[in-house]
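Colleague: Below, each chain spelled out in residue letters.
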Amino acid sequence: MRLRASTSGRGGTDARTGRNPVLSIVLYVVLIALALLTLFPFYWMFVLATHSQGTIFSAPPPMWFGEFLERNYTALLGRLPFLRNIWNSFYIALMATVATMFFASLAGFAFAMYEFRFKRVLFGVLIGSLMIPPLLGIIPYYLIIQYLGWLNTPRALWVPAMASAFGIFLMRQYIASSMPRDLLDAGRIDGASEFRIYWNIAVPIIRPGLATLGMLTFIGQWNNFLGPLVVLNQRESYTIPVALRTLQGQIQTDWGAVLTGTALAVLPLLIIFVLASRQVIEGLVAGSVKG
Amino acid sequence: MARTTTSAPPLAWSTRLDKFQRRIAPYLFISPFFILFAIFGLFPIVFSMYLSFQAWNPIQGLGTMRYIGLENYIWLMDDPWFWRSITNTLWIAFAAGVPQHLVAIPLAFALSRGIQRFRHPLTAAYFLPYITSAVAISLVFQTIFGTQFGALNHALAHLATAPWSAWLFGGLAENLPVNWLGRAPYIKPAISILVWWQFFGFNVVLYAAGLATIPKDYYEAAQIDGASGFQSFMNITLPLLRPMIFFAVTLTIIGNLQLFDQPFILTGGDGGTSQAGMTVAMYLYRTGFEWLEMGTAAAISWLLFVLIGTLTVIHFYFFGRSGLETRD
Chain A
0 MRLRASTSGR GGTDARTGRN PVLSIVLYVV LIALALLTLF PFYWMFVLAT HSQGTIFSAP
60 PPMWFGEFLE RNYTALLGRL PFLRNIWNSF YIALMATVAT MFFASLAGFA FAMYEFRFKR
120 VLFGVLIGSL MIPPLLGIIP YYLIIQYLGW LNTPRALWVP AMASAFGIFL MRQYIASSMP
180 RDLLDAGRID GASEFRIYWN IAVPIIRPGL ATLGMLTFIG QWNNFLGPLV VLNQRESYTI
240 PVALRTLQGQ IQTDWGAVLT GTALAVLPLL IIFVLASRQV IEGLVAGSVK G
Chain B
0 MARTTTSAPP LAWSTRLDKF QRRIAPYLFI SPFFILFAIF GLFPIVFSMY LSFQAWNPIQ
60 GLGTMRYIGL ENYIWLMDDP WFWRSITNTL WIAFAAGVPQ HLVAIPLAFA LSRGIQRFRH
120 PLTAAYFLPY ITSAVAISLV FQTIFGTQFG ALNHALAHLA TAPWSAWLFG GLAENLPVNW
180 LGRAPYIKPA ISILVWWQFF GFNVVLYAAG LATIPKDYYE AAQIDGASGF QSFMNITLPL
240 LRPMIFFAVT LTIIGNLQLF DQPFILTGGD GGTSQAGMTV AMYLYRTGFE WLEMGTAAAI
300 SWLLFVLIGT LTVIHFYFFG RSGLETRD
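Protein chains in written order, with numbering that gives the first Met the number 0: chain A, 0 to 290; chain B, 0 to 327.
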């Protein structure tokens, strides 16, 4: 990779692509313009979050930041228990993330490291479960949660999320490629139990993979809409997406407040993405390509 | 094995325990998934099949469930709203899906072969919408699609009147401002634009991963033979990318047919003017949770499953073999 770059990166016409500089500049302009177009809705969301209803609905629409953010935030808190909603989202996403990281890596460890009876069949069931469209079970899911008395509780969402076939698959691939089986025997000779081998030997090795899985799980749960919409129906139990949806239904939608709320919903994801975009992208692609 | 047990002294209790924990460890480690999957994955599917043959309003309790055979399915076959939701879903899946790939393939090619710098920041920018809350961005797009003060109409008006672009976009002027989310003919295009915007970057990343597996030598050989970038794209990239195209299109089919968040938010939850934006997933949700017809809703979920299965099989039949044979 590095070698190639050094042999071709220099000079007027690009040796590797055979393109001349003018064409390459045109290409950059097109690619950057498309990137800006993609990012514009995010920028506009933050801009509108700082404007009042009056300036949002003016022509031309505002394109630069205003001074209404604080009042929008106050208005948002007046219409919804929004801090509570943020906490709910955070709590559900965190519980699902921690539990998934543990159970998925444990099961992934078993599928990667052991030979046992019915392994192929069980792994087949796991992969098969990825192909079931989630909508198929949505009605019974609601009934089960209702039967368990879990309506309007966070565990209605994070407990089912722990069974992440995607996570197990991701962890299995990661462990199989990064942990030598010899370590298993080495641990056994030292007299460690199988769980201790997982905990003391495997977990430190797979930390980067676990971090990726953690971020993907958190993002997925944080954004989840249909699940919370079905099992949460009290304002105090809402997660952010469901809470934002109720603002929309009001007769006089306060768009400044709505967009302040959406900005708060998107902000944690932006932070994760800025810090670890490579890991997030690679994890999501690896999961879907090999799945 | 038998000899060791007869000749050696009986195994110590701790050794036997150790052997036992070794033997059951793998089953123990994978059991949480299978227990949870049984409760929250497998049982719901079986139960929704059962439910689809019942008439049931959940408010009245489990005892009021009544077996009605195929009536839910028969009723849906005559239900104009159901058919509308099917055609809406197919319309949006197609209009949002096809351009995703038409844009993503050349874009991934340009990113991986055409430029040397900023590959990652550009890819990350295209990818960002994919990981953001569909509800949040649908709300943002609701303001972008605003009739009087939305950014899209504002931009179109600008294009239609500005001297440098009027020759091309001038024809738009008489149709502006477009009531994107209020008038039936514009709702599906508006939803499709949003869905396209949210998912094309994901496909760019998929195709970039596919392109990375094509040996560089092929391009170098083509270049020596005097092939242009466009010719390399048509004769090397596209054929070798077929397995990935096949796979990415499969994901698009399955995902787009289950579209819920974006149309739900953009149409305020009711499908919009004459249900022009109501997808099957939305109709299923409303049937079950607004009109409390759980049996009918379960039947819709199975019909949706059949639709997804059918289209996936058709896709496999027509493109699967050609998509897979280049892999070897």
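Fair warning: there could be bad hints in the mix.
Counterexamples of contact, computed for chain A against chain B with all Cβ distances above 10 Å [unchecked claim]:
(1) R78
(2) V202
(3) I204
(4) L269
Among chain A residues calculated to face chain B with C-beta under 7 Å, some are [stated by the list, open to error]:
(5) P159
(6) N222
(7) F224
(8) P240
(9) A264
(10) P267
If you are wondering where the hints come from, they were derived from the structure by calculation, not from laboratory data. Ideal placement from N, C-alpha and C gives every residue a C-beta, glycine not left out.
Colleague: Each of the hints needs a verdict: does it hold here or not?
Modeller: Here is how each hint holds up against the structure:
no.	hint	verdict
1	R78	holds (14 Å)
2	V202	holds (13 Å)
3	I204	holds (16 Å)
4	L269	violated (8 Å)
5	P159	holds (4 Å)
6	N222	holds (4 Å)
7	F224	holds (5 Å)
8	P240	holds (4 Å)
9	A264	holds (4 Å)
10	P267	violated (10 Å)
In the structure shown, a violation is registered for the earlier hints numbered 4, 10, in ascending order.
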